[in-house]
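Trainee: Chain by chain, the residues:
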Amino acid sequence: MKFTTVLCVLLFSGLALAQDEAIAFRLLPCFTNLCERIREFDAMTEKLQALETKVKDSENQIVELKNRETTKVIFSAAVGGEGGQSRTVGPFNTNTILTYEKVFTNIGNAYNAATGTFTAPVAGVYYFTMFFHAGGSHEAQLYLYKNSDLVIVTHDHRSDTDTADNGGNAVFLQLQQGDQVYVMLLEKCHVWGSDFHTTFSGFLVTQM
Amino acid sequence: MKFTTVLCVLLFSGLALAQDEAIAFRLLPCFTNLCERIREFDAMTEKLQALETKVKDSENQIVELKNRETTKVIFSAAVGGEGGQSRTVGPFNTNTILTYEKVFTNIGNAYNAATGTFTAPVAGVYYFTMFFHAGGSHEAQLYLYKNSDLVIVTHDHRSDTDTADNGGNAVFLQLQQGDQVYVMLLEKCHVWGSDFHTTFSGFLVTQM
Amino acid sequence: MKFTTVLCVLLFSGLALAQDEAIAFRLLPCFTNLCERIREFDAMTEKLQALETKVKDSENQIVELKNRETTKVIFSAAVGGEGGQSRTVGPFNTNTILTYEKVFTNIGNAYNAATGTFTAPVAGVYYFTMFFHAGGSHEAQLYLYKNSDLVIVTHDHRSDTDTADNGGNAVFLQLQQGDQVYVMLLEKCHVWGSDFHTTFSGFLVTQM
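Protein chains in written order, with numbering that gives the first Met the number 0: chain A, 0 to 207; chain B, 0 to 207; chain C, 0 to 207.
No lab work stands behind these hints: they were computed from the structure. Hints are not guaranteed to be accurate.
Identical copies look the same in the list; a pair holds intra-copy or inter-copy alike.
To be verified - With a straight-line Cα cutoff of 30 Å, these simulated BS3-like cross-link-like pairs (lysine-lysine) come out:
1) K101 x K46
2) K46 x K187
3) K65 x K187
4) K65 x K46
5) K101 x K71
6) K101 x K53
7) K71 x K46
8) K187 x K71
9) K53 x K187
10) K101 x K55
11) K187 x K55
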């Protein structure tokens, strides 16, 4: 701003001292205006720079919002898969991770149908739900783990008189990237292994 | 930019050849500055145009983000409705789509309580969950369909000794606009038909 | 714009009447251009102001989108907590709100583990789901309430031959800020009170 002030002073002095006062007089309104315009121009330059910064900020925030929106992790799978739609899974002699082989949905590929394990691709809060159907001839015990920690259980006793049972459970879990979630079928237990009954599902509710 | 260069050359020549050198001398700083200002002005015009394009882009992206946010599809309903809160639904002689008549929530009006059918208003991944309560005197078999494809099942056997059973299941499903999802009660089956027990719910997790 | 037109007229008249026509002639292209530039400058000032308004609008909308995004309400808890992981809760002589003491997740602190009550921090549509496991020696009746209104139920009969039962239910509910949701265990009923079996979960699907 100082520079333009000096400039204007020079300009006015120049005009005032002009030998041909007529010219100076006639040009004066224009130059007066010009000085003002130059000041306005400086102000505008500053405004434009400020606006460029604001727009850059907005763009960054939009990218951030879009990224939030575009990380999608959603899966659903049923025990079953190749080999038939009506068979039991188990009983086994040891605790065994259930491999839900029939995959309905696997947005983000975080669920591995070969191992039965879900691996969190990003830190966040996830929802998991599991349901089972099982006959009464054996116990059914399904343990949902986060890494090596037991989180929730659904189970039913064996029963000679009640030939079938159902169970389910659900949980919202905060996970770090790389945390693994899976369902363990306990030893000596079984579930009904069709493509339709015994399921494991989850989705990313929000990144955190 | 070339135009302004030519203009400045003209201007300087004009001043240099001016008969009254005193005037030229005194005005020189101003005109020198003016040329520079005109160049700056040209640059600013370009910057402003670039910024206008960026702001337009940002506005479009914000609209897109808002639209994503504003498509809400959420419903919950229970078998029941008019006629009492404690009655059985079924058994019927044929497979029958369950009409969940008591509507808790129907954001987006995608669930039709008269037909029991949910119709996807937009392509996306949806979550569906169903629960039933039923007495032991008949079998209970609930099949969740996507159009004509069976997706998940919950069912229980009839039992003389166990007078009541519960079941449920859930699934995330990728749907195209217009896909229909509904729950079929199989022939000779029944469920408890109160306003509170046997439910069907769903929501749009994300458009895709 | 009128002002600049007047200015240009003045400027041209000044040049036209100049005694030294040579100077006027040589400066003319520059001044002609200057007038045009001043007009352009006025137009640019208007454009910049319009753009500033648009950027301010965009910023406000981004803040709005971010606020939507940042209100997170998610909880999961199991009956259980201090005192052991295998015990029954109930039967009680009166209806009793279940206090799910073992908290898995409580983003937004809307669930109060001391009272078993969830209080909606913002108006919106919420998802709630409850699951129970219970032995056969007593009935299990779990009622999910919104304030004083019964919404959904899961229950099972007592049974001497079936020694254990499971049940669950889920619902999407539109709540106003301050609405309370909780699960009532009916008098003379019981559930299995471990840290893992009998759970209550919910999350804010969307603000409305």
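Trainee: Regarding K101 and K71, is the shortest C-alpha distance of 30 Å or less found within a copy, between copies, in both, or in neither?
Mentor: both (20 Å within a copy, 29 Å between copies)
Trainee: Have a look at K65 and K46 and pick one of within, between, both or neither, based on CA distance no larger than 30 Å.
Mentor: both (28 Å within a copy, 26 Å between copies)
Trainee: 30 Å Cα cut-off: does K71 pair with K46 within a copy, between copies, both or neither?
Mentor: neither (40 Å within a copy, 37 Å between copies)
Trainee: Can you tell me if K187 and K71 fall within 30 Å by alpha carbon in one copy, between copies, both or neither?
Mentor: Neither: 37 Å inside a copy, 41 Å across copies.
Trainee: Given identical chains, is K65 near K187, meaning Cα to Cα at most 30 Å, within a copy, between copies, both, or neither?
Mentor: neither (48 Å within a copy, 50 Å between copies)
Trainee: Check K46 against K187 for me: Cα-Cα at most 30 Å, and say if that holds within a copy, between copies, both or neither.
Mentor: neither (74 Å within a copy, 73 Å between copies)
Trainee: My question is about K101 and K46: at a cut-off of 30 Å on alpha-carbon distance, are they close within one copy, between copies, both, or neither?
Mentor: Classified as neither; 60 Å inside a copy, 56 Å across copies.
Trainee: I want to check one pair: K187 and K55. Are their C-alpha atoms no more than 30 Å apart within a copy, between two copies, both, or neither?
Mentor: Classified as neither; 61 Å inside a copy, 64 Å across copies.
Trainee: If the cutoff is 30 Å on CA atoms, where do K101 and K53 land: within, between, both or neither? Let me know, please.
Mentor: neither (50 Å within a copy, 46 Å between copies)
Trainee: Since the copies are identical, ignore which copy is meant and state whether K53 and K187 lie within 30 Å (CA to CA) inside a copy, between copies, both or neither.
Mentor: neither (64 Å within a copy, 64 Å between copies)
Trainee: Is it within, between, both, or neither for K101 and K55, if the alpha carbons may be no more than 30 Å apart?
Mentor: Classified as neither; 46 Å inside a copy, 46 Å across copies.
Consistency with the previously given hints fails for numbers 1, 2, 3, 6, 7, 8, 9, 10, 11, ordered from lowest to highest.
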